[in-house]
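Starting from the given sequences, assemble the full structure and let the hints guide the process.
Given next are the chains, with one letter for each unit.
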Amino acid sequence: MGSIELKNVRKDFGAISVINDVSFKVDDGEFTVFVGPSGCGKSTLLRLIAGLEDISSGQILIDGKDVSNVGPAQRGLSMVFQSYALYPHMTVRNNIAFALKMAKQPKKVIDEKVKKAAAILNLTDYLERRPRQLSGGQRQRVAIGRAIVREPAAFLFDEPLSNLDAALRVQMRLEIGDLHQNLKTTMIYVTHDQVEAMTMADKIVVLNKGAVAQIGSPLELYNKPNGLFVARFIGSPTMNIISGAPAAKRNAASIGIRPEHVEFSTTAGEWPCKVRLSEHLGADTFVYVEGAATGPLTVRLEGEAPVEPGQAVYVTPKENRLHRFDKDGRSLA
Amino acid sequence: MALKQSTSQRVTMSVIAWLVALLIFFPILWMFLTSFKTEADAYAIPPKFLFFHWTTDNYAEVQSRVDYVRHAINSIVLSVGANVAGLLLAIPAAWSMAFAPTKRTKDLLMWMLSTKMMPGAGVFMAIYFLYLRGHLLDSLWGVGFLLMIINLPIIVWMLYTYFKEIPVDILEAARMDGASLRNEIIYVLTPMAVPGIASTMLLSVILSWNEAFWTLNLTNVNAAPLTNMIASFSSPEGDFWALLSAASVLAIAPILIIGWFSQRQLVRGLTFGAVK
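As given, the protein sequences belong to chains A and B, one line each in that order.
The first sequence begins at 1 in my numbering and counts up by one.
The second sequence begins at 1 in my numbering and counts up by one.
Everything labelled a hint here was simulated from the structure, so no lab data went into it.
A virtual CB, placed ideally from N, CA and C, is assigned to each residue, including glycine.
Certain hints may be false.
[Stated by the list, open to error] In the SDA-like style, the derived pairs of lysine to any residue whose C-alpha atoms are separated by at most 25 Å in a straight line are:
no., chain 1, residue 1, chain 2, residue 2
1, A, Lys-7, A, Asn-69
2, A, Lys-104, B, Leu-181
3, A, Lys-274, A, Thr-298
4, B, Lys-103, A, Phe-13
5, B, Lys-103, A, Ser-43
6, A, Lys-101, B, Tyr-187
7, B, Lys-164, A, Glu-159
8, B, Lys-116, B, Phe-145
9, B, Lys-103, A, Asp-12
10, A, Lys-101, B, Ser-180
11, B, Lys-103, A, Val-18
12, B, Lys-164, A, Phe-13
13, A, Lys-25, A, Lys-203
14, B, Lys-103, A, Lys-115
15, A, Lys-115, B, Tyr-187
16, B, Lys-164, A, Ser-43
17, A, Lys-116, A, Ser-135
18, A, Lys-107, B, Tyr-187
19, A, Lys-104, A, Arg-93
20, A, Lys-115, A, Ala-103
21, B, Lys-103, A, Ser-17
22, B, Lys-106, A, Asp-12
23, A, Lys-203, A, Glu-53
24, B, Lys-106, A, Phe-13
25, B, Lys-106, A, Gly-14
26, A, Lys-107, B, Leu-181
27, B, Lys-48, B, Tyr-59
[What the hints assert, rightly or not] Simulated coverage check for chain A against chain B, where a stretch passes if three residues somewhere in it have a Cβ under 8 Å from a Cβ of chain B:
no., stretch
28, 79 to 88
29, 99 to 112
Next up, the structure:
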């Protein structure tokens with residue numbers, strides 16, 4: 001079991017409020033991702049849940065029990081750090097076994113559990129090595145191994161993949177996904193990478209300046225952002241935001257349309273534009289255009305699109321995919 | 001450094017380095033040579049460097065006059081004892097300063113260091129009378145305690161600097177793994193800080209070993225370390241340089257040997273690598 005609930009949690013460092021009245025619930029077995037730009041407080045929030053920082057006010061409940069004043073060791077959570085934070089003077093075996101030794105489990109049980117964790121993570125051949133003799137991906141696995149042997153109520157991941165190269169990141173992303181499938185334990189995962197958030201999460205908590213901007217499933221956030229911030233943050237390439245006449249025509253202060261939700265034509269359409277640049281990714285082409293009424297826009301086309309810089313083109317938004325925002329950046333129904 | 005050096009540059013640098021080393025080492029070398037001379041040779045002008053009548057009489061004389069072994073044991077007990085006790089106090093202190101600092105931590109460190117700037121003579125009367133009344137004069141416990149107090153600021157300061165280099169993440173990982181504060185310090189922090197702790201220990205042993213002001217004034221027979229032994233050879237019948245040198249060589253020999261063997265220990269950095 002491992003449900004985690006935050007009630008009006010605040011964290012102040014001196015006069016600066018880092019986490020401002022945050023409330024939400026993570027259900028048992030759910031994969032929840034905290035995402036937001038750097039400095040939004042997502043890592044601090046995770047550290048508050050871990051107990052590595054004390055909350056200034058509010059409550060944190062694990063399985064309905066208030067743990068606000070309980071130390072990190074007693075909360076029954078495991079954490080995987082961005083830096084891996086392995087014990088450099090211990091072998092892989094002892095790194096993984098450390099938590100069990102601290103819990104004074106019998107040696108036989110420890111050996112058994114370490115063996116099992118090592119098998120799951122392909123570390124069996126490396127048990128006698130020290131962290132510095134391992135590659136980045138292997139170190140990451142040791143960090144995960146150390147977390148799983150404790151059989152925690154929930155796993156906390158603090159940007160665990162940001163030190164890995166792109167290919168390894170995708171692979172580890174899948175492995176963490178598999179791990180969640182197998183263990184069905186609650187996981188909270190912090191990242192600034194919205195692609196990681198979209199691909200891994202059951203539920204995403206978007207944070208902005210220490211407050212929750214929106215909570216929802218990846219597709220809810222993609223389809224129904226509650227404001228400009230989430231609209232811009234979720235989705236890649238970023239949503240086009242247009243103000244002025246095209247927005248006024250639709251009774252909004254600004255409108256948003258995703259690059260993949262427009263009709264693109266060389267002959268006719270609503271917004272006449274000039275091509276600035278196109279990026280060919282093979283499966284997709286991103287065309288960057290400049291419109292007289294709209295300003296710069298990004299258009300995503302499937303496959304290869306033969307367009308030339310300077311060419312005149314027309315962009316028309318799909319009305320049912322259009323997002324409308326009021327002057328404060330909130331979504332209009 | 002990726003600077004390329006020509007062979008001639010490297011040779012020049014080596015020669016200079018050797019000369020500087022010799023210059024620094026020379027007094028000890030001279031003392032060592034003098035300890036094997038007769039008193040007449042020790043005073044000879046021009047000085048005799050290697051070609052003199054080598055004799056071990058001085059060492060025999062030292063041994064016959066004083067109990068070298070007892071002084072040496074006292075020195076070892078005092079410096080090692082003061083050191084171990086100091087570390088037991090300093091490790092938790094440095095932990096809290098490095099990993100749970102407050103606004104006043106920097107001031108506290110400065111204040112601790114500033115106590116080292118006060119001359120011992122300034123508090124001599126106070127300490128002497130305290131020890132007199134407390135029956136602590138000439139006792140190993142009393143002097144050892146004093147040596148520990150004297151070196152504590154430096155031990156804390158040095159450990160603090162070493163601990164600062166240890167990534168907090170690793171300690172936090174231990175906390176998440178269920179380690180109590182005590183276990184965190186014993187099983188994670190201390191092993192990672194071994195090179196730092198070792199060099200701190202060496203320095204503090206040397207400082208205690210060399211301490212003369214307090215040991216001369218507070219000890220007499222039972223707790224007298226090697227510094228007292230050397231002093232006892234200086235005044236009464238005028239200066240006997242060869243004899244004094246022999247006593248001095250005997251006094252510094254143990255610490256010199258320890259230092260020699262722990263060199264590699266100190267340099268070897270076995271800590272970092274788990275954190276990118």
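Status of each hint after checking the structure:
Pair hint Lys-7 of chain A plus Asn-69 of chain A holds up; C-alpha atoms about 14 Å apart against a cutoff of 25 Å. With a C-alpha separation of about 16 Å, the suggested pair Lys-104 of chain A and Leu-181 of chain B falls inside the 25 Å cut-off, and the hint holds. Taken as a hint, the Lys-274 of chain A and Thr-298 of chain A pair is honoured in the structure, with Cα atoms around 12 Å apart against an allowance of 25 Å. The straight-line distance between the Cα atoms of Lys-103 of chain B and Phe-13 of chain A is roughly 13 Å, inside the 25 Å bound, and the hint therefore holds.
Of the pairs offered as hints, the one joining Lys-103 of chain B and Ser-43 of chain A holds, with about 24 Å between alpha carbons and a cut-off of 25 Å not exceeded. With a C-alpha separation of about 11 Å, the suggested pairing of Lys-101 of chain A with Tyr-187 of chain B holds against the 25 Å cut-off. Restraint check for Lys-164 of chain B and Glu-159 of chain A: the C-alpha separation of about 24 Å stays at or below 25 Å, so the hint holds. With a C-alpha separation of about 16 Å, the suggested pairing of Lys-116 of chain B with Phe-145 of chain B holds against the 25 Å cut-off.
For the proposed pair Lys-103 of chain B and Asp-12 of chain A, the alpha carbon gap of about 16 Å is at most 25 Å, so the pair holds. Straight-line distance between C-alpha atoms of Lys-101 of chain A and Ser-180 of chain B comes to about 12 Å, which keeps the hinted pair within the 25 Å bound. In summary, the hint linking Lys-103 of chain B to Val-18 of chain A is supported, as the alpha carbons are separated by about 19 Å, within the 25 Å threshold. The straight-line distance between the Cα atoms of Lys-164 of chain B and Phe-13 of chain A is roughly 21 Å, inside the 25 Å bound, and the hint therefore holds.
Distance hint between Lys-25 of chain A and Lys-203 of chain A is fulfilled; the C-alpha atoms sit about 10 Å from each other, no more than 25 Å. In summary, the hint linking Lys-103 of chain B to Lys-115 of chain A is not supported, as the alpha carbons are separated by about 46 Å, beyond the 25 Å threshold. Pair hint Lys-115 of chain A plus Tyr-187 of chain B holds up; C-alpha atoms about 22 Å apart against a cutoff of 25 Å. A C-alpha spacing of about 22 Å is found between Lys-164 of chain B and Ser-43 of chain A, which places the hinted pair at or below 25 Å, so the restraint holds.
Restraint check for Lys-116 of chain A and Ser-135 of chain A: the C-alpha separation of about 21 Å stays at or below 25 Å, so the hint holds. Note on Lys-107 of chain A and Tyr-187 of chain B: the hinted pairing holds, with a Cα-Cα distance of about 17 Å set against a maximum of 25 Å. For the hint pairing Lys-104 of chain A with Arg-93 of chain A, the CA-to-CA distance comes to about 16 Å; that is within 25 Å, so the pair holds. As the CA atoms of Lys-115 of chain A and Ala-103 of chain A are separated by approximately 17 Å, the hinted pair is consistent with the 25 Å bound.
Pair hint Lys-103 of chain B plus Ser-17 of chain A holds up; C-alpha atoms about 19 Å apart against a cutoff of 25 Å. Distance hint between Lys-106 of chain B and Asp-12 of chain A is fulfilled; the C-alpha atoms sit about 23 Å from each other, no more than 25 Å. Of the pairs offered as hints, the one joining Lys-203 of chain A and Glu-53 of chain A holds, with about 24 Å between alpha carbons and a cut-off of 25 Å not exceeded. Taking the CA atoms of Lys-106 of chain B and Phe-13 of chain A, the gap is about 19 Å. The hint holds against a cut of 25 Å.
At most 25 Å may separate the alpha-carbon atoms for a hinted pair to count; Lys-106 of chain B and Gly-14 of chain A meet this at roughly 18 Å. Restraint check for Lys-107 of chain A and Leu-181 of chain B: satisfied, since their Cα atoms lie roughly 23 Å apart, inside the 25 Å limit. Pair hint Lys-48 of chain B plus Tyr-59 of chain B holds up; C-alpha atoms about 20 Å apart against a cutoff of 25 Å. For the stretch 79 to 88 of chain A, the assignment as covered by chain B holds, since 9 residues bring a beta-carbon within under 8 Å of that chain's beta-carbons and 3 suffice.
Check on the stretch 99 to 112 of chain A: 3 of its residues sit with their Cβ under 8 Å from a Cβ of chain B, so the three-residue criterion for coverage holds.
The structure fails to meet hint 14 from the earlier list, while all remaining hints are met.
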